[in-house]
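With the sequences and hints as input, model every part of the structure.
First to last, the sequence lines map onto chains A and B. All residue numbers for the first sequence refer to my numbering, where the first residue is 11 and numbers rise by one. All residue numbers for the second sequence refer to my numbering, where the first residue is 11 and numbers rise by one.
You may find that some hints are simply not true.
Because identical chains cannot be distinguished in the list, a pair is counted as satisfied if it fits within a single copy or across any two copies.
DMTMM-like, lysine to aspartate or glutamate: derived pairs with alpha carbons at most 20 Å apart [claimed, not checked]:
| no. | residue 1 | residue 2 |
| --- | --- | --- |
| 1 | K146 | D121 |
| 2 | K37 | D389 |
| 3 | K91 | E165 |
| 4 | K320 | E299 |
| 5 | K64 | E358 |
| 6 | K38 | E84 |
| 7 | K300 | E69 |
| 8 | K376 | D343 |
| 9 | K247 | E69 |
| 10 | K38 | E80 |
| 11 | K232 | D264 |
| 12 | K54 | E69 |
| 13 | K35 | E80 |
| 14 | K35 | E84 |
| 15 | K37 | E80 |
| 16 | K398 | D343 |
| 17 | K54 | E388 |
Because the hints were derived from the structure by calculation, they are not lab data.
2 protein chains.
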Amino acid sequence: MPTISLKGHLMPQSPIRKLVPFAEKAKKRGVKVYHLNIGQPDIKTPQVALDAVKNNNIEILAYSRSEGSETYREKIAAHYKKYHINVSSGDILVTTGGSEALSFTLSSIADTGDEIIIPEPFYANYNGFSVASGLKIVPVTSKIDTNFDLPPIIEFEKLITHKTKAILICNPGNPTGYLYTKEEIQTLARLVKKHDLFLIADEVYRDFIYDNTEHYSILREKEIKDHAIMIDSVSKKYSMCGARIGCIVSKNKDFMATVLKFAQARLSPPTYAQIASEAALDTPQEYFEKITQEYSERRDTLITELKKIKHVKVAEPKGAFYCIAELPICNADDFAKWLLEEFHYNHETIMIAPASGFYSNSSFGKYQVRIAYVLNQEDIKKAITILKHALHEYRYKNDKITVSVASYDIH
Amino acid sequence: MPTISLKGHLMPQSPIRKLVPFAEKAKKRGVKVYHLNIGQPDIKTPQVALDAVKNNNIEILAYSRSEGSETYREKIAAHYKKYHINVSSGDILVTTGGSEALSFTLSSIADTGDEIIIPEPFYANYNGFSVASGLKIVPVTSKIDTNFDLPPIIEFEKLITHKTKAILICNPGNPTGYLYTKEEIQTLARLVKKHDLFLIADEVYRDFIYDNTEHYSILREKEIKDHAIMIDSVSKKYSMCGARIGCIVSKNKDFMATVLKFAQARLSPPTYAQIASEAALDTPQEYFEKITQEYSERRDTLITELKKIKHVKVAEPKGAFYCIAELPICNADDFAKWLLEEFHYNHETIMIAPASGFYSNSSFGKYQVRIAYVLNQEDIKKAITILKHALHEYRYKNDKITVSVASYDIH
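This is the structure we're talking about:
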């Protein structure tokens with residue numbers, strides 16, 4: 011039989027999606043599954059976007075421009091002004107989701123064996139994109155005990171070699187909810203300028219910021235206009251994950267010309283989704299105000315409920331809609347699978363993403379899970395109650411019990 | 011300034027799309043441009059597909075399954091039965107266009123430095139996908155003088171090394187319109203089985219077959235079920251290029267499991283486009299009969315008109331909707347650009363794709379262009395008249411004149 015590539019072997023399964031078949035089997039057994047595993051919001055997509063697609067008058071569903079339509083890119087540029095981001099349509103290339111934006115970016119700046127520094131835990135698919143591009147991720151590990159605060163810049167600088175091509179951050183962070191301060195962005199800016207690296211910021215959660223804090227985009231730093239690459243997406247902002255529209259924004263003309271070549275090879279981003287995304291830019295402001303309020307309350311509910319469970323550690327997210335929780339278990343992968351395969355509490359269970367896949371070294375995060383707070387507060391409460399009972403039952407089931415689990419108490 | 015990757019430098023510009031800015035400038039000058047450069051049909055998308063999207067009742071535009079929805083894949087499997095292709099939904103993975111299907115396939119089977127044998131001229135973006143995946147294309151050159159007939163199988167076998175991972179064919183061929191016979195497919199099947207290679211067939215033009223001939227899919231060869239990988243797309247079949255939906259079909263379970271990991275990393279194919287594509291499967295048969303008739307007539311018109319121009323060589327396509335024509339010029343790239351930048355005939359011009367990008371070595375095809383017959387017959391006639399006058403004018407303009415051009419006569 012012909013063989014699979016090494017790259018194909020190394021390609022990780024998605025920790026967010028690999029358990030889907032088990033969830034489907036649970037559902038077939040009549041067990042209700044609360045999805046805490048995936049950043050798929052339950053929020054309604056803006057009506058203006060849905061209507062634009064329903065009212066489209068396409069007769070020939072044709073290719074669009076490889077870089078996205080001119081009108082859409084102009085509107086995106088205008089939209090960024092609200093965030094004090096000053097770019098023009100020529101600095102924007104529309105992609106098939108933030109995923110493609112990241113793939114094109116990594117392929118454009120790094121060759122096989124090149125290195126990219128990423129604070130971890132990081133969005134799991136960064137591992138996949140890096141394997142696909144042949145890159146090596148060099149992690150800077152942040153800790154749950156210090157609320158996933160950014161490690162000192164000196165930690166980044168120590169890791170820079172002649173192979174380092176970029177520093178990649180996710181701001182606010184998936185899976186930690188970490189929000190970078192203006193000062194941190196400026197320090198990173200000085201660092202990439204000094205070492206002539208790219209600074210890539212995945213800012214797809216820019217609008218999910220709580221506690222009256224503010225997001226500070228890397229594109230506000232004029233000194234690094236040739237170094238800064240911003241990744242964006244409509245998926246989370248407009249609850250339009252299924253559109254598959256994102257974009258790359260950079261003022262580096264060589265970089266944008268290179269990205270365009272990758273974009274031309276795949277022809278164009280999806281046409282219907284661009285119609286929805288362009289219309290979504292007209293979403294009224296109160297839509298976002300309501301959502302921010304809602305997520306802020308969900309976060310508070312989730313953190314409060316998690317903290318009630320003994321021996322569960324949790325870092326407080328300042329943005330996005332995830333948190334990392336450390337559980338009194340030996341193996342979060344096994345626990346997550348067991349939740350779907352064997353456990354139920356009143357015919358209900360939860361699906362969570364084991365955190366090992368959010369680290370460069372999968373032995374980190376062995377006790378941790380990512381929880382997405384994309385459900386309403388009542389469901390979050392139910393889900394965490396299920397988690398509590400599951401932890402209790404798992405304790406008795408599991409032979410390889412740790413001291414912390416042994417001392418764990420359901421009450 | 012931070013530097014672009016070597017891969018980014020090597021990535022070719024699309025010969026089909028690189029001249030778009032020149033075409034847009036021509037249009038701004040008031041020159042009408044006939045697009046013979048791109049396989050964007052002028053045929054209306056099936057109403058059933060357009061209606062499905064207009065009548066959708068989505069409230070939350072959510073992610074779909076990474077491999078595409080179960081119902082859609084089941085319907086695709088049922089649809090293939092018509093072509094004597096016997097597969098199940100589990101053998102199918104839905105992708106964001108045929109482009110992504112090819113990228114995932116190449117990444118799953120080959121590592122940097124591995125080789126893939128492709129008869130050339132081939133679809134230009136195979137060059138792009140190969141550079142992106144780090145592969146080396148090993149071409150088997152077919153010639154316009156022999157109507158791009160497949161070179162003898164011995165030519166393929168001579169090129170097989172320990173680095174060879176696959177043979178990739180496009181059937182019917184873009185850009186040549188070449189249609190593989192059943193016997194040729196069977197010979198290739200024996201070859202890949204003997205050397206344990208994958209056989210990848212890009213069959214996106216399966217429905218565009220003329221002269222009452224039949225298409226023979228590689229998936230009909232049961233002996234190579236673990237070797238055969240078929241690439242498909244809705245783009246051409248349903249005139250839905252802007253949907254960006256394709257699929258990978260294979261019975262090799264290791265391969266499909268690997269492809270799924272790449273698919274998970276990019277989350278899901280676009281949701282609206284899947285709705286359209288699923289509905290498109292219900293397109294009535296007469297839609298295709300009319301289209302085949304129309305394209306067959308367009309092909310005849312195009313070939314007849316091209317043959318009227320002295321010193322223009324053209325191979326007769328048996329399928330798809332392209333042909334390669336050899337023109338009495340020194341440099342098709344320069345000519346194609348000149349057509350848009352400097353030339354007009356009664357305020358009209360044509361856009362063509364220089365064929366150099368359809369070869370592994372760009373010096374081949376230097377005198378050739380790809381012409382897509384995606385316009386109605388009247389427009390095709392006008393476009394070829396423009397070509398005739400353009401060749402005449404270009405002859406006087408160009409100092410570096412070849413003998414064949416010197417002897418070229420407009421009448």
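How the hints compare with the structure:
Proximity of K146 to D121 under the C-alpha cut-off of 20 Å is found in both arrangements, the shortest distances being 10 Å within a copy and 15 Å between copies. With identical chains, the CA atoms of K37 and D389 are at most 20 Å apart within one copy only, with a shortest distance of 17 Å there and 56 Å across copies. Taking CA atoms no more than 20 Å apart as the test, K91 paired with E165 passes in neither setting, with 33 Å inside one copy and 59 Å between copies. For a Cα distance limit of 20 Å, the shortest separation of K320 from E299 qualifies neither inside one copy, at 34 Å, nor across copies, at 69 Å.
Taking identical chains as interchangeable, the C-alpha atoms of K64 and E358 are never at most 20 Å apart, the minima being 36 Å within one chain and 36 Å between chains. Within a single copy, K38 and E84 get their C-alpha atoms only as close as 47 Å, which misses the 20 Å cut-off; across copies the closest is 19 Å, which meets it. For a Cα distance limit of 20 Å, the shortest separation of K300 from E69 across copies, 17 Å, qualifies, whereas the shortest one inside one copy, 37 Å, does not. Taking identical chains as interchangeable, the C-alpha atoms of K376 and D343 lie at most 20 Å apart only when both belong to the same chain, with a minimum of 8 Å there against 56 Å between chains.
For the homomeric pair K247 and E69, the shortest alpha-carbon distance between copies (15 Å) is at most 20 Å, but the shortest distance inside one copy (29 Å) is not. In this homomeric assembly, K38 and E80 come within 20 Å of each other (Cα to Cα) only across copies, at 15 Å, whereas the closest approach inside a single copy is 47 Å. Taking identical chains as interchangeable, the C-alpha atoms of K232 and D264 lie at most 20 Å apart only when both belong to the same chain, with a minimum of 17 Å there against 48 Å between chains. Taking the shortest alpha-carbon separations for K54 and E69, only the inter-copy value of 6 Å comes in at or below 20 Å, while the best intra-copy value is 28 Å.
Proximity of K35 and E80 under a CA criterion of 20 Å is satisfied inter-copy only: 14 Å between copies versus 45 Å inside one chain copy. Taking the shortest Cα distances, K35 and E84 sit within 20 Å of each other only across copies (19 Å), while inside one copy they are farther apart (46 Å). For a Cα distance limit of 20 Å, the shortest separation of K37 from E80 across copies, 15 Å, qualifies, whereas the shortest one inside one copy, 45 Å, does not. Taking the shortest alpha-carbon separations for K398 and D343, only the intra-copy value of 17 Å comes in at or below 20 Å, while the best inter-copy value is 68 Å.
When the C-alpha separation of K54 and E388 is checked against a cutoff of 20 Å, the pair qualifies only within one copy, where the shortest distance is 18 Å, while the shortest distance between copies is 48 Å.
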